[in-house]
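With chain H held as given, fit chain F onto it using these hints.
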Amino acid sequence: MKIHEYQAKEILKQYGVPIPKGGVVETPEEAKKVAEEIGAKTIVLKAQIHAGGRGKAGGVRVVQSPSEVEGVAKEMIGMTLVTPQTGTKGKVVRKILVEEGMEIKEELYLGVVIDRSKALPVIMASREGGIEIEKVAAESPEKIVKEWVDPSIGLRPFLVNKIGYGLGFGPGEVGKLRPIVVGLFNAFYEKDCLLAEINPLILTKSGEFFALDAKINFDDNGLFRHKEIIQLRDLHEEDPLEIEASKYNLNYIKLNGNVGCMVNGAGLAMATMDIIKVFGAEPANFLDVGGGATVEMVRNGFKILMSDPDVKVVFINIFGGILRCDTLAKGVTEAVREVKVNVPIIVRLEGTNVEEGRRILNDSGLNFTIAHGMYEGAKKAVEALTTQRA
Amino acid sequence: MSILIDENTRVLVQGMTGNEGMFHTRQMVEYGTKIVAGVTPGKGGQKVDGIPVFNTVAEAVRETEVNASAIFVPPAFAADAILEAADSNIPLIVCLTEGIPTLDMIKVKEYLHKKNIHLIGPNTPGIISPGKCKIGVMAGYIHKQGPVGIMSRSGTLTYEVVDQLTKKGIGQSTCVGIGGDQIIGLDYVDLLQLFEKDPETQALIMIGEIGGTAEEEAAQFIDREIRKPIIAFIAGLTAPPGRRMGHAGAIISGGKGTAQEKMEALEKAGVRVVKNPALVGEEMEKILNR
Chain H
1 MKIHEYQAKE ILKQYGVPIP KGGVVETPEE AKKVAEEIGA KTIVLKAQIH AGGRGKAGGV
61 RVVQSPSEVE GVAKEMIGMT LVTPQTGTKG KVVRKILVEE GMEIKEELYL GVVIDRSKAL
121 PVIMASREGG IEIEKVAAES PEKIVKEWVD PSIGLRPFLV NKIGYGLGFG PGEVGKLRPI
181 VVGLFNAFYE KDCLLAEINP LILTKSGEFF ALDAKINFDD NGLFRHKEII QLRDLHEEDP
241 LEIEASKYNL NYIKLNGNVG CMVNGAGLAM ATMDIIKVFG AEPANFLDVG GGATVEMVRN
301 GFKILMSDPD VKVVFINIFG GILRCDTLAK GVTEAVREVK VNVPIIVRLE GTNVEEGRRI
361 LNDSGLNFTI AHGMYEGAKK AVEALTTQRA
Chain F
1001 MSILIDENTR VLVQGMTGNE GMFHTRQMVE YGTKIVAGVT PGKGGQKVDG IPVFNTVAEA
1061 VRETEVNASA IFVPPAFAAD AILEAADSNI PLIVCLTEGI PTLDMIKVKE YLHKKNIHLI
1121 GPNTPGIISP GKCKIGVMAG YIHKQGPVGI MSRSGTLTYE VVDQLTKKGI GQSTCVGIGG
1181 DQIIGLDYVD LLQLFEKDPE TQALIMIGEI GGTAEEEAAQ FIDREIRKPI IAFIAGLTAP
1241 PGRRMGHAGA IISGGKGTAQ EKMEALEKAG VRVVKNPALV GEEMEKILNR
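Chains as they are written, first to last, in our numbering: chain H, 1 to 390; chain F, 1001 to 1290.
Next up, chain H with everything else stripped away, as it sits in the complex (with noise of 0.2 Å):
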């Protein structure tokens, strides 16, 4: 789960990390009224979105007097923002922080991520890149301060110098950089975290450290035993068809393309995506109707699938486990019962009760096509959508 700048740095604070004076506003009286209230000359309007790449779309705008905070609140609140991470459609701006600007020396990066190799949450800083810090990454990694951190015997005094004195600070800075490192790690590790990122940690010319700009992403798996995270989700930065799908426990992504899929196992749902690609087309989807799907489950499933206008053509394509044949033949006949269907469906059913599922499908007096195989049903469906565009 993905949580706002402002949440992120509300967190941090908790954990004794120093942020700009500033507050999180929806209209443009509360952002003068904040403002005025920070009593700094500079002042940092900051679009509040789900996406990076905000600066170079607009989403910041620093501001060198407060009286003109009003005015530029106003431009921001209700614009929709396109950055290279929110597709073409762009995100509506709700929420600005409103801030006050910083006098930067030098900006660093700062993050907790997990090491999945090592099976270890490693701690990664850096005094090169900052916003750039993928960049950094790729290309000089050696510029990159790694440590990590054994949970046996925790975030110890001696990894926080490795890293202060490994990025080539003074005994002064390491002291003030101790609190911030040992803040955003023991958030990371009480908060369930699967990322915590201070990007940039800024330098300033009278020599504090500040989080200027942070990100938390959380594990949902973890999510059950943080109620208080939980309340944090913003619901309108997601898609609304996989909010709809989130409700019935189905795993559902949009994507670009015109071929519906339906699959149960995520791992057969990304084949079945790409097996479509194969022979020419693009997934519209990716949806996941899981193990254990109820009828209930798979004719929901098929209805917000069908929703999207994209969809030109449905391939079903099910390897029966847990999950049995005859449970999806029926919720798929019931929602194409209910909901008007136009679009050609493919079905392929394998595993626990296909000949009951089969029969069901074609016993419902409904138009589908009985693939045998993933090849084949997979031919079928790209064929089905060159057929309509010819």
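Dumping the calculated DSSO-like pairs for lysine-lysine here, alpha-carbon to alpha-carbon at most 30 Å:
#1 F/Lys-1168 x H/Lys-380
#2 F/Lys-1115 x H/Lys-146
#3 F/Lys-1109 x H/Lys-118
#4 F/Lys-1107 x H/Lys-118
#5 F/Lys-1275 x H/Lys-379
#6 F/Lys-1228 x H/Lys-118
Which chain F residues stay away from chain H? Per the calculated CB distances, all over 10 Å, these:
#7 Val-1036
#8 Gly-1044
#9 Gln-1145
#10 Arg-1224
#11 Pro-1229
#12 Lys-1268
#13 Arg-1272
Hint data in this document are derived by calculation from the structure and do not stem from the laboratory. Being a predicted model, the structure only gives us computed values, none of them experimental. A virtual CB, placed ideally from N, CA and C, is assigned to each residue, including glycine.
Same frame as chain H, now just chain F:
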């Protein structure tokens, strides 16, 4: 022969009295797996189809000769269940549970490091040595005993591949689901070592997916150590970056973990990479007939 499990494997089921645990216990028994005990705290003394249930793993180990454990315990308690099995030194633990918090698994891995214990999973369909033993939720009937070893991060995609093989009359020595999570027990490298030494296994299939660098690490190892022929399929060539594709581990982040990179690394190591998932069986037929 086969790897990790065979006709001498004696299985304990943790969480046997739950819905999932009971259903799959019966399925495993029906397949021929020797299930000798169950554990559910508070239900000690009960029996499921004549199989004794104990309160603790230690008790089950004391009373029966267990050498493997299958875990069907809800995510919040599953890490504890793995640790309990490890505490009793059960040499093979198969954790089927999906949704265990990542940080819980990091602590579990640290503990397992200290002991000589194999963990399969979590978030795995399990492991099967066809005709001998099945510890997991896969449908037994699609399998057939034979020369091909399979390692996979996915469930139904593995069934798909197994089905392609069996329909061509090609059997499997052992099929292992390594799990779809970020932090897992045995990985490709561990299994490659075991399969390379197993006389029954003549060829291997590796089913990978986007996310992490396990396939790249396997490629390096294959290049140095493995002589047996390998076919690989990597799912997620069309997956968008930054989106978790179902499995917790299947995510392209920071430009790393793409299917393309993995395929290239494997090809460089001499692995036959198949781009069409429906043609894995056909490719294997060619290799075995050579």
